[in-house]
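Participant: Chains as they are written, first to last, in the UniProt record's numbering: chain C, 1 to 345; chain Y, 1 to 345; chain U, 1 to 345; chain R, 1 to 345.
Simulated from the structure, these hints should not be mistaken for laboratory data. A few of these clues could be false.
Unchecked claim - Only pairs whose alpha carbons sit at most 35 Å apart, straight line, appear in this in silico DSBU-like list of lysine-lysine:
1) K38(Y) / K115(U)
2) K38(R) / K204(U)
3) K111(U) / K104(R)
4) K204(C) / K142(C)
5) K204(Y) / K257(C)
6) K38(R) / K165(U)
7) K114(U) / K204(Y)
8) K204(Y) / K168(U)
9) K224(C) / K104(C)
10) K52(Y) / K104(Y)
11) K114(R) / K38(C)
12) K257(U) / K93(U)
13) K104(R) / K224(R)
14) K52(Y) / K224(R)
15) K39(U) / K57(U)
16) K257(U) / K38(R)
17) K111(U) / K39(Y)
18) K224(U) / K204(R)
19) K39(U) / K115(Y)
20) K38(C) / K224(R)
21) K52(C) / K38(R)
22) K115(U) / K39(Y)
23) K104(R) / K57(R)
24) K257(Y) / K114(Y)
25) K65(U) / K114(U)
26) K111(R) / K257(U)
27) K139(C) / K165(C)
28) K204(U) / K204(R)
29) K220(R) / K168(U)
30) K111(C) / K52(C)
31) K111(Y) / K204(Y)
There are 4 protein chains.
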Amino acid sequence: MNIGIIGATGYGGVELYRILANHRYVENIHLYTSSAEKKSYIDEYPHLSHIKENELKPLEPDQIKEENDVVFLATPSGISASLTPELLDDQLKIIDLSGDLRLKNSDDYEKWYKKAPAPEMLLQEAVYGLTELYREDIKNAKILANPGCYPTATLLGLAPLVREKIVKENSIIVDAKSGVSGAGRNASLATSFVEIQDNFKIYKVHQHQHIPEIEQELHKWDEKVGFISFSTHLVPMTRGIMATMYIELLEEWNTSKLVDLYESFYKHSPFVRVRTNGTFPSTKEVYGSNYCDIGLAFDQRTSRLTVVSVIDNLMKGAAGQAVQNFNIMSGFQENEGLNFLPVYP
Amino acid sequence: MNIGIIGATGYGGVELYRILANHRYVENIHLYTSSAEKKSYIDEYPHLSHIKENELKPLEPDQIKEENDVVFLATPSGISASLTPELLDDQLKIIDLSGDLRLKNSDDYEKWYKKAPAPEMLLQEAVYGLTELYREDIKNAKILANPGCYPTATLLGLAPLVREKIVKENSIIVDAKSGVSGAGRNASLATSFVEIQDNFKIYKVHQHQHIPEIEQELHKWDEKVGFISFSTHLVPMTRGIMATMYIELLEEWNTSKLVDLYESFYKHSPFVRVRTNGTFPSTKEVYGSNYCDIGLAFDQRTSRLTVVSVIDNLMKGAAGQAVQNFNIMSGFQENEGLNFLPVYP
Amino acid sequence: MNIGIIGATGYGGVELYRILANHRYVENIHLYTSSAEKKSYIDEYPHLSHIKENELKPLEPDQIKEENDVVFLATPSGISASLTPELLDDQLKIIDLSGDLRLKNSDDYEKWYKKAPAPEMLLQEAVYGLTELYREDIKNAKILANPGCYPTATLLGLAPLVREKIVKENSIIVDAKSGVSGAGRNASLATSFVEIQDNFKIYKVHQHQHIPEIEQELHKWDEKVGFISFSTHLVPMTRGIMATMYIELLEEWNTSKLVDLYESFYKHSPFVRVRTNGTFPSTKEVYGSNYCDIGLAFDQRTSRLTVVSVIDNLMKGAAGQAVQNFNIMSGFQENEGLNFLPVYP
Amino acid sequence: MNIGIIGATGYGGVELYRILANHRYVENIHLYTSSAEKKSYIDEYPHLSHIKENELKPLEPDQIKEENDVVFLATPSGISASLTPELLDDQLKIIDLSGDLRLKNSDDYEKWYKKAPAPEMLLQEAVYGLTELYREDIKNAKILANPGCYPTATLLGLAPLVREKIVKENSIIVDAKSGVSGAGRNASLATSFVEIQDNFKIYKVHQHQHIPEIEQELHKWDEKVGFISFSTHLVPMTRGIMATMYIELLEEWNTSKLVDLYESFYKHSPFVRVRTNGTFPSTKEVYGSNYCDIGLAFDQRTSRLTVVSVIDNLMKGAAGQAVQNFNIMSGFQENEGLNFLPVYP
């Protein structure tokens, strides 16, 4: 197959390249960037010295459509909303890693992203690609909205509870932490080494644009789940997200029964690993891999459940899940080209 | 004054030394350690090359009593419970940085610390040294139980609310994060560089021994506050604690009124800095200093309040607060010898 | 093929597992450890949850010989010297990642390692596995001594010059820097997070045991090259080695001619990437991969050449090169199972 | 005294503030910045919340002259060359932390800095402020050129040898490593967290602008010392410089005699600490302090001397040494306001 990566010079783009370069069914990879001054992929990323694909091409929709069977958009929010309509074509499948096509309600997009939304038709056609929950829809998707990194960790950690409708209204609190690569590849004082190193920050308190995305899915599963409190923190590390979630349940449970519920829920999902032995995952345990690891414990003292979910934000939180969806859309095995073990240490 | 530091070779001990070596009213510092094989402070800590105090002395209670006016115990939990009774003396004031004398209920100590508690009499005499709340008691203390690092950050973040009795029962959730120096100075695989670097971990889920300490104080202030959910995470950084707290209030508030409440509550406390401009502190903003910085925001959408409190765990969370208490016990200015600005960057 | 990893719980062992688990020609992997108390691989390394091999077996030479076609020894120095003789067998090939079989002169081993050397016969039979230099010998090796991490980076950086015999006697200075995983997986204060983070150390000044290994090879290539000055530093990072080398040449050269020399020297070596554009590699550009990247510049001002060589110490510096040698010994393609791109960022 | 800090919003500026805010003889600190849009120091640096000086003033030479007794220029190179002439005044002493006034030969400045040099008169009047070597000149300085960070570490490490004239011509090699704060406070991809973390880089090979500064001083001390080879590396840490230096001596020495030479050379220098016990300093051992720590070992095997010198680049490498010079210029004790112990850990 011929594959295009739009936004190839960002961290999401280069992670897609890392996976697809060794994917058995990918023949050619075309690299596109809007940064006209960038000439060669190896100059941007010397760790790719000696690869065959090296040319960085401009964003010309007609050429992109002609050259590719599938394109991945690994672009900042706001680009896909305007670019995707120009790429629409019977032959081309589109996988969008940005937030532009995820919210069905375009008012929500405007409110939280403070940008113009994508055309309504596009929003309705795009399939939300939380793989473990929506495999059937994904099979036939032509336009796929790949989930955000925080929503992926959060939703996979909550799905077994919320689909079971055992969560008390308005009781979910998500305290999320992310490595810095989630902020993208750009020159900014706020993400400079000296400002981040040996430091721990909270940001976008009550204002993160992933809140409506998470609530949209939760409400599909159980309309009585209500609002979530959601906060985001920056950890001085490169990759990884941990969502620590506090939940009140409608009835008494214990840890062991809940682990069974999770195990059963994910038994056909090769990339979700539920801890059955009372341990909790740390972010490095999924580093560089497509896994989502989940641990949980019910606290009899407070009658509150703690669920911890970790992913690599560039993999299961972006490029990895995108390729997982690409596999399903293409009729391949779900884990084709994704069987990396985590890089540990 | 003649000052003793027991447990001088730990990180708490050496931080006490850093402060006291430049304290105007401290004449001599005596260094004690139970590690008999350690011979010289400079061999342990070459960053102290060229200091005058260098001898590491063994733990001999009689000699300690003779040589000092005040001793600081910067020892692991379990030591102080048995050592303090041997140090009791009319002339000697004792400041204990461990958890041994903090819990008034010795059953709680046994349950959470899984060690033998200190004698009852000692527990009743020890004054809990959360400086900003208990200045009057501290003035006359002979035995001071210096608060834990997590309790300091948490309690200073919650005190204005709980003292005002505006918190809904059982609604407090504390998601706490700490740098690695909080784990002490010792050889352990779990805190080795390679296991921590580029990693983020949760630990002691529902089981941290600081839970009863926090609840003991909260219940003093408002017996209706109920249980807290409390979790602890390890951040790949050396110093710093952030407590992110989620609270439901009994009535509607807004951020601005709450900021006023905090400002007013801490107006005579030089080391608590409340953010009045809607920003939130990061841990590095108090690095190496005795400050506790607090930011907060009420979320109208979920009717939940988020409070963020940061400290340097070795300073306000240990040695700094201990010297603050020492100053008050000795009749000095509260901030004597503690006027460091944070080291930033 | 049936493969054994002895010392599976160390960082070298688990990196071997990461590679071999996805190697096309490896059927079964058997995991051995001398730590009797360790029961399961997943308990040691939860990032491997859901793998099939999980049993940790004791070190019983007869069983090891029976179960495997090839064994990798990823053990600390001193183990292989005594264990390898017990494993000798017509059917079993041995790849030793420790330093025990590298030095042909057993006096050197005793002097630098301060341990008893391996039997002379073994030392003479072992083939030194610096792949790019000794492919022909490696093909027929039964016992392979896999090079040290520092020697690999250093020797690949120097080989084109020294084989060309253009280096001035006693002029080579190697200033080497390593990530902390090179120190192995163990509980030690010296490699604890708090002691390493935000710190840069020099260690083993003039005394590193890799000095005789480097000089042994250099002297094979040019007996007039003399002694090297070699120093080692610890960088607060997990993986990666950089050797910065300063060399005086016998005649005038320029950078461009030297780049040609290197390019030509490594033209059949898929894992050595010479920078032809005047840039220098950083360690992260080979992270998680088997590459050795080299940059160089001749300084007309001082008539001295600077060569920079980087590797991932756990890959090309240990497990990666070991599998590269395994491939050659087994008649596979040199890069079989090693085609990872570096993990960047 | 009334003190001005020009370039107050950079890392050098804020480190000056950290020191001077607690300096006994400093009454008022005025803060100047060329960034007109910046309004308040606390907005820039929230770790300074609750300080009294907060106004950021524009760079108006007349006002600066009127308001201050001494000004520190903590500006990027190129600013001081043009600004200093406007500040010249009988009453105002100027301490320039940039590289603009350090090179006596303005051709060198142009060649290495690629900028227009300062007026010749200024270059000739400026006193080079390597405190330990030039105390007498500094006493009477009106314009002081504060040394660069790398030159400070390097020159203090070499001075005892070169002043003794025992160094072989062209034999000095300096392999220098720096934390990232040395690159200043600005938004740049090259110093973003994700590009630096878990990475080790070499940069400006053979081209660093500190080379002529180092050679200028060395040649003053011994015109036969020749050229140095000098390379610079970026360490993933915030503060700290280590210079590892390789030197050939004109005659045989041993470590012990060399330690004596260094001890004797620095016996009146409170901020230089020579390791007498065969250990070597690490960068964290001077973190946040004004110390320069030196270790050394003569290698009989190669007849080469290794000297290691470490400083905190923002302290002894910038603001700390500037205040040390300010003290001498003002007739205070050399260590006034600089008696911090290193912050460790």
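Participant: Determine for every hint whether it applies to the structure shown.
Facilitator: Results for each hint:
Restraint check for K38(Y) and K115(U): the C-alpha separation of about 27 Å stays at or below 35 Å, so the hint holds. Proposed proximity of K38(R) and K204(U) is contradicted: the alpha carbons are some 48 Å apart, above 35 Å. Only pairs whose Cα atoms come within 35 Å are accepted, and K111(U) paired with K104(R) is rejected, the gap being roughly 51 Å. In summary, the hint linking K204(C) to K142(C) is supported, as the alpha carbons are separated by about 33 Å, within the 35 Å threshold.
With a C-alpha separation of about 21 Å, the suggested pair K204(Y) and K257(C) falls inside the 35 Å cut-off, and the hint holds. Taking the CA atoms of K38(R) and K165(U), the gap is near 60 Å; set against the 35 Å cutoff, the hint is violated. Taken as a hint, the K114(U) and K204(Y) pair is broken in the structure, with Cα atoms around 42 Å apart against an allowance of 35 Å. Taken as a hint, the K204(Y) and K168(U) pair is broken in the structure, with Cα atoms around 60 Å apart against an allowance of 35 Å.
This hinted pair checks out: K224(C) and K104(C) have alpha carbons roughly 19 Å apart, not beyond 35 Å. With a C-alpha separation of about 39 Å, the suggested pair K52(Y) and K104(Y) falls outside the 35 Å cut-off, and the hint is violated. Using a Cα cut-off of 35 Å, the hinted pair K114(R) and K38(C) holds, with the two alpha carbons roughly 25 Å apart. This hinted pair does not check out: K257(U) and K93(U) have alpha carbons roughly 41 Å apart, beyond 35 Å.
A threshold of 35 Å between alpha carbons decides the hint, and for K104(R) with K224(R) the separation of about 19 Å falls inside it, so the pair holds. Taking the CA atoms of K52(Y) and K224(R), the gap is about 41 Å. The hint is violated against a cut of 35 Å. Taking the CA atoms of K39(U) and K57(U), the gap is near 8 Å; set against the 35 Å cutoff, the hint holds. Distance hint between K257(U) and K38(R) is unfulfilled; the C-alpha atoms sit about 51 Å from each other, more than 35 Å.
Between K111(U) and K39(Y) the CA atoms are separated by roughly 30 Å; this keeps the pair inside 35 Å, and the hint holds. The suggested pairing of K224(U) with K204(R) holds, with an alpha-carbon distance near 32 Å, which does not exceed 35 Å. For the suggested pair K39(U) and K115(Y), the alpha carbons sit about 29 Å apart, so the restraint of at most 35 Å is met. With a CA separation close to 47 Å, the supplied pair K38(C) and K224(R) exceeds the 35 Å bound.
About 47 Å separates the Cα atoms of K52(C) and K38(R), which puts this hinted pair outside 35 Å; it is violated. Of the supplied pair hints, the one linking K115(U) and K39(Y) holds, its CA atoms being roughly 29 Å apart against a limit of 35 Å. For the hint linking K104(R) to K57(R), the alpha-carbon distance of about 32 Å falls within 35 Å, and the restraint holds. Our distance criterion of 35 Å between C-alpha atoms is broken by K257(Y) and K114(Y), whose separation comes to about 43 Å.
Pair hint K65(U) plus K114(U) holds up; C-alpha atoms about 29 Å apart against a cutoff of 35 Å. Restraint check for K111(R) and K257(U): the C-alpha separation of about 26 Å stays at or below 35 Å, so the hint holds. With a C-alpha separation of about 27 Å, the suggested pair K139(C) and K165(C) falls inside the 35 Å cut-off, and the hint holds. With a C-alpha separation of about 28 Å, the suggested pairing of K204(U) with K204(R) holds against the 35 Å cut-off.
Taking the CA atoms of K220(R) and K168(U), the gap is near 30 Å; set against the 35 Å cutoff, the hint holds. The hinted pair formed by K111(C) and K52(C) fails the criterion: a straight-line CA distance of about 43 Å is larger than 35 Å. With a C-alpha separation of about 14 Å, the suggested pairing of K111(Y) with K204(Y) holds against the 35 Å cut-off.
Hint violations for this structure: numbers 2, 3, 6, 7, 8, 10, 12, 14, 16, 20, 21, 24, 30, all remaining hints satisfied.
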